[in-house]
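Visitor: Go ahead and model the full structure; you've got the sequences and the hints to work with.
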Amino acid sequence: MKIHKNHPLVIFLVVGGLLLFLHSLGVLRPVENFLIYITKPLSGRFYNWSSNLSRSYSDRRTNEDLSAKVAALESEVARLTVNASEYQEIFSENEKLRATMKFITDNNFKSVEAAVIASETTAADSRDLVINRGARDGLRTGLGVVDENGVIIGQVREVKDNIASICLTINTGCRLAASIQNQNHTQGITDGDLGLTIKMDFIPQLEKIAVGDTVITSGLGGNIPRGLVIGQVTQVRNESNEVWQSATIEPIVNLDNLTVVAVIIP
Amino acid sequence: MVKKIWQSLFLVLGLSLIAVFQLAAISNWPPFFNQLNAVLITLVFTLFFLGFRAALWGVLISGLWLDLFSFNFFGLYLITFFLVIIAAERISLKLLTNRSFYSFWLLLLVATVVDQVVINLLRYFSADLSAVFFLSQKSFWLALLYQGIWATILAALLFNLSALMTKRLQPFFLEKKAIV
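One line per chain: the protein sequences are A and B, in this order.
Numbering of the first sequence is given in this note's numbering, commencing with residue 1 and proceeding in unit increments.
Numbering of the second sequence is given in this note's numbering, commencing with residue 1 and proceeding in unit increments.
Using C-beta positions, here's what the derived DEER-type ranges look like:
1) B:Lys94 - A:Gly17: 21 to 29 Å
2) B:Leu142 - A:Gly138: 34 to 42 Å
3) B:Val2 - A:Asn63: 52 to 60 Å
Honestly, the hints are just simulated from the structure, not real lab data.
Values in this document were obtained by computation on a predicted structure and should not be read as measured data.
Beta carbons are placed, not taken as given, at the ideal position from N, Cα and C, and that holds for glycine.
Guide: Structure below.
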């Protein structure tokens with residue numbers, strides 16, 4: 001087959017090849033930054049709109065489940081009434097959590113507010129968020145990202161000049177140095193589990209972990225300050241014949257509809 | 001000439017808007033809905049109705065937008081869409097002889113499969129070779145199934161809408177006249 005020089009394929013290969021070549025040289029950077037800059041507001045609006053849509057869809061689904069949950073909740077209420085004394089304990093734990101939130105401001109950490117403008121699939125089971133702040137705003141890889149309540153929701157995975165991608169704590173490969181708020185303050189690394197929950201493996205069998213324990217960042221590594229809440233332990237797997245035990249952690253915030261976040265710069 | 005300019009402008013603006021919408025809105029929808037690949041469907045639609053040249057320009061425009069916002073390597077979407085359009089063009093030339101609904105549907109399905117395989121292969125080789133290979137992951141097959149369903153729904157919708165607007169897609173039958 002003879003391909004003429006004006007064939008669309010030839011034109012495409014020349015233009016496309018040139019684009020890739022100029023991008024790798026960095027020549028296109030100002031143009032790329034300009035295009036991202038002018039698109040960010042539109043992208044943000046689209047994201048907010050779709051976020052509201054997703055929320056109302058999820059609320060509708062929730063309503064359908066509610067009637068089934070009512071019966072279970074009634075027995076739960078009875079049990080909770082009996083355990084009213086535990087409220088005092090929860091109250092003190094709440095105080096600790098509030099202190100944790102205060103930690104951010106007290107320690108003079110600089111935080112950069114950012115809006116989520118898009119999300120992108122990075123692996124088969126992983127979806128990163130894209131925020132409207134980048135290297136120009138002082139962001140760098142590995143920094144912690146919190147929601148409006150100060151709960152850590154992920155960390156900066158990659159940065160460009162004007163935008164950055166965030167891996168959520170539930171995404172596989174999003175690893176955080178963590179500490180469980182138990183007697184021994186067990187240290188470990190949390191990792192996302194298929195975009196659903198968070199897991200913490202390789203915990204020595206001697207460590208005592210209970211369902212309901214709060215998991216916080218340990219501050220090791222230096223990029224993320226200590227004391228930010230990651231989630232709560234919902235399941236502990238410890239077999240007597242195993243050297244290690246592992247814990248499943250549920251985030252305490254809904255990571256599906258994040259629109260505003262803050263990146264903490266220590 | 002003026003018509004051609006308007007057509008090009010419409011293609012550029014339309015595809016840019018769809019690419020940004022795909023990134024910012026569709027990707028944030030609930031499961032199943034977020035598997036709608038609007039950019040890919042638009043590109044195949046462009047190939048089917050406007051031709052190879054227009055589709056290649058479409059690949060450049062939408063690929064560039066997606067790559068700008070992407071944190072995968074630059075060119076991932078450009079290369080993927082290019083290969084998809086080449087595959088679709090080859091199939092439409094070699095296998096499909098008419099402009100029926102079934103041709104359009106088949107083209108969309110093939111494009112969806114090629115897109116998913118190519119994009120996951122490129123991601124696999126460019127990122128983390130130690131990760132589980134995508135073909136053995138349930139989420140890949142589920143995404144493929146959902147995208148196939150979307151392709152079917154939109155093929156029916158877009159083809160019938162287009163058939164209402166142009167006579168080129170109306171089916172015609174040769175009348176058998178009795179020989180007297």
